[in-house]
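Those protein sequence lines, which keep their order, are chains S and F.
For the first sequence, my numbering assigns the number -6 to the initial residue and increments by one for each residue that follows.
For the second sequence, my numbering assigns the number 39 to the initial residue and increments by one for each residue that follows.
I should point out that these hints are in silico values taken from the structure, not numbers from a laboratory.
Quick reminder that beta carbons are idealized off the backbone N, C-alpha and C, glycines included.
Any given hint could turn out to be false.
[What the hints assert, rightly or not] Here are the computed lysine-lysine pairs in the BS3-like style, where the Cα-Cα straight-line distance is at most 30 Å:
#1 Lys122/F x Lys44/F
#2 Lys11/S x Lys122/F
#3 Lys105/F x Lys(-5)/S
[Said to hold, decoys possible] Covered stretches of chain F (chain S as the covering partner; in silico rule of three or more C-beta atoms under 8 Å from a C-beta of chain S):
#4 116 to 128
#5 134 to 144
The residues making up each chain are set out below.
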Amino acid sequence: MKLRDVTIRAGRSLKQAKARTLLTSLAIGVGAFTITLSLAAGVGGRAYTDEIVNANTNVKELSVTKSPPKSQQGPQKYTGNASGVSGGLFSGELLDQADIDKILKLDGVVSVSPNYNPQVKYVTRSDQDKYVATISTFSPSVTLKFAAGSVNGDLASNEIILTEEYVKALGFSSSQDAIGKTVNIVADKLSSPVTAPENNTFVYTVKGVSSKSGLAFRAQSSLLISNSSAKTLYDYINLGTRSYGNYIVASVETTSASQAQKVKDTLTGMGYLAQTAADVLGVINTFINVLQGVLLGFGALAVLTSVFGIINTQYISVLERTQQIGLMKALGMRRRDVGRLFKLEAAWIGLLGGSIGTGLAVILGTIANPIISKALDIGNISLIVFTPMNIAVVIVGLVIVSVSSGILPARKAAKLNPIEALRTE
Amino acid sequence: MIEVKKISKTYGKGDNAFRVLDNINFTVPDGASVAILGKSGSGKSTLMHVMSGLDKPDSGEIIIDGKNILQLNQKDIDKFRSTKMSFIFQSFFVQAKENCYDNVSLPLEIADVAPSRRKSKIETALKAVDLLDKIKSRAKDLSGGQKQRLAVARAIVNSPQVLFADEPTGNLDSVTGGKVEDLLFDYNKKNNVTLIVVTHDAELADRCDMQIHIKDGKIDSIREMKK
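For reference, chain F alone in the conformation it holds in the complex (with noise of 0.2 Å):
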């Protein structure tokens, strides 16, 4: 379960201080999957960006399984990042010139899992995400679908427990970006890892469990989706 509490953070100072958010609370079920949606610049990024632990708010708490991240020093933020939580982002941040295999061992080797046992949660990884004949193949060599279909398998590599995914398919047309929505939300309910979608694509918030407007800073609307 993640608690959202009283998140509030302001840029800039005096005159041109810009709230960014304001009080924001809710709470996400484990399991569930949650689309934050609003327009650019609404704050909806910087939500994912608290809740992730890589920036921190002004004033608030985020708590994940009974503990306040945001009182974690660095090296537990970090910790709980690599074995708890993964990302994926609409620019896909493969590293070009690295085969698909490396590409996917980062974050093991991050989370110092022993060599031994990286191969096989690779290949199941790769297997998962339908790339395990471009293992060798260079991340550079990948369409733009399968560069993203290679994040989402270097995000589920190390089972996290939270997946976060901003604007997943905003680089994709409609065919292999429905093909990335479908991986992430089977992955979502046969794992029951919770998946946070930063997104202003509404056929895609449609099919997450709750949907978060935001707006200017503030929570706008939550609307549970009924299944």
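Chain S extracted, bound-state conformation (with noise of 0.2 Å):
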């Protein structure tokens, strides 16, 4: 028997039970469903990933710490160069300025900067009232979208960028409004007597305002200056403090990118610990991979259900056709060809089973895209990516497994005898 007559007559059998074969096949539906959903989320979020790391790193860059203490059971041993700046959030050793010496003379090391992260007081305009604000070093290989405003190459050392929402709170009418105008920034000296409080107000001129993007986290809640404003801003609060010279990141930008991974393995040879955006974006994407791996594994335990599914239909298909089969074996049909049949309709049912879930897949992600995207505020990026390989690979993958399924049914089809099929009694 031909296997298009077989395929034929495989479809026609499942149209004569519809109910059946729609219910078997939603078992599978539900598989491919959520197999298709996870497959989508994780493209959609690897790429996601990727161009937040790419705006908001630059590929030349890397971040240099300390390597933490090996380690080792009981107290640690004192080295002189302890944090006392965080505690208990950060009990590594700090880089100081021999460390930043040491790493600027390596090969192909363009600059070396201390992430400053000033701790000011406040910010506040005349007439208005005060806010506390996180302070931040503009880069500009980081990504920013401005609501007014931009900025060509690096800010100059009395420019600020302000938030949207410190737009409103320091009483300007529009993001346009507060362009060229001045903020005041308010910080204490930490080294000043505890009865003679010393601070000091630094006025800024506002370059620009960033608004909310969902690509620019970084930008979302500070307040951006230069990095030479930064580190005046950072040597009056600290200097004359323990803490002053001592850096718990640095920023070190190098000619290119394979230079960036060739300086990292260096520093992580004289005991530094270096990431380069690569990295970044590999532990995001771990994070991404195992959030997928759980859904996938979600819809592998579907199939598996929807498999004994399939073996129990047809292990019932058989039964009810038994005569059908005697028959068919009588009119010199082959066993392998009974078989093939079976199979068939197992491979029909997969298929059927498959474009179901992936459609209804599909449809639902194209329709919850916008929403999520929304609900996330991350402007127009898709977080669920359906490609066509990716279909096709459930649907192609969900048609193998329930040929399988349908083997053993199958075999017992083959082997009926039909002389005991055709006894009518």
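Take each chain as given, in its own frame, and dock them per the hints.
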């Protein structure tokens, strides 16, 4: 019997048991749905983190810290350089000027800039309330989305980038209104005596207003000033204290992305902990992969359940159609073809279930995408991305699984003795 | 020509052994109609199964066209059945949910007849049993007599050499049964096809060229009917 005829007969038998076929397919469909969505979320998630990391980091850049001490039992030895800055949160060693000079001498290193992150008191404007603020360093390599104004190259020493939230809080009528106006940042000198506290007001001109973007998470809450302004602030606040001249992290700029990797290896050899943009991406992607793996696991479980469904359905089908099988064998249908008939029926079930599941996943994913993006406030970035390849793999995979599930019932059908099957009593 | 030589078959073993066929010998000329008669349990159905290669005897030979079909491998027996034999059963065994066309198409598909050549064969067969107008009807919508005529169409569609009929009128009343009998004997005579009918209906047997009476697995008598 020709494969074409067997395939048509298999399809026709299924059509004759529509409800049963549909229900069995739906079981597979649940698996297909879950697997398709988890694959799509994986693709979308990785693409998203890729964009985030590219927008917020520079591939030529490394962030360097000192290696934490080798884990050892009991109290650690005093090295004279332990952190006194963040207490329990950060107990590693800090980078000092000697470290920075050492790193600067390495091949391929263009610049080393410590991350100052000055702890200011508040930000304000004349006749306005005072607000707590975090100050970060502006980096030309990081993508920002501007609500108003713009920056070419680096910021000048007295310029600042506000966020939209501070524009409202500081009493500007609009983002555009803020451009060119000044804001005051007040900082305490930490080394001044408690009895005679000393503070200073630093004045900055608003150069731009950053708006929320799905990518630029770094810029969403911090006010940005240039590296040199940050150093000025930092020096004023910390000069004369024990933590002055000690930094948790330093950014190292190299000549190229491949050079960044080489410098990283050298730094690791020297006892520093260095991370490239690729490392950061790797860490986030590992997280996404684990999540995706869990989802895929659920999908696989659903498929496993449906396997038993198919086996059961096909066994019942063989029992119900004993006479039909007997007749076909009496008419000279070969055992192989009888087996094929039932395996192909299973294949049709797999194809139907796979198509229903992936189809629903695509429809739901397409509908949900803008809703998710809006809820997470990431602009028009899609977190669920369907690729034709993934969909094809899911459907083909499920057809193969279904055919495998159909093997046992098909064998039972093929082995059926036609004389027994055609006995009328 | 079908030669049945020294066919014996036993079911069970030891004390429970039951000899269902015991040294059966006879010859059927091409184009003859043969009735195999006997009470139920006499072994007549088993004899038909053995002659069509569905069942294997313990010993003996079935020679059709000079070939001992009992020595063929399964694949060749299947091919033999699909191209040279066909069957009609007491309970019709038509596929209730399929239409007449697909029912009749089955033996052609099994015998690997090219799709382009099927339609005319199917229509010819349905016309022969007077069911051409029901070609799109589902088998379950047919009456008993129509179902058996459909089974006849399915049996003759691939122009077999030997037609086996197991109690073909057993489930039909005498009028519809008579119609089916007429169809079978007409086909037998017109196309010189060997017809082997297993029955205990004496009237049906009387229309055959040859009657083989089976009793307790042995041939009781063979009668050639003079016409």
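Hints, verified against the model:
no.: 1; hint: Lys122/F x Lys44/F; verdict: holds, 23 Å
no.: 2; hint: Lys11/S x Lys122/F; verdict: violated, 36 Å
no.: 3; hint: Lys105/F x Lys(-5)/S; verdict: holds, 27 Å
no.: 4; hint: 116 to 128; verdict: holds (count 11)
no.: 5; hint: 134 to 144; verdict: holds (count 4)
The structure is inconsistent with hint 2 alone, although it conforms to all the rest.
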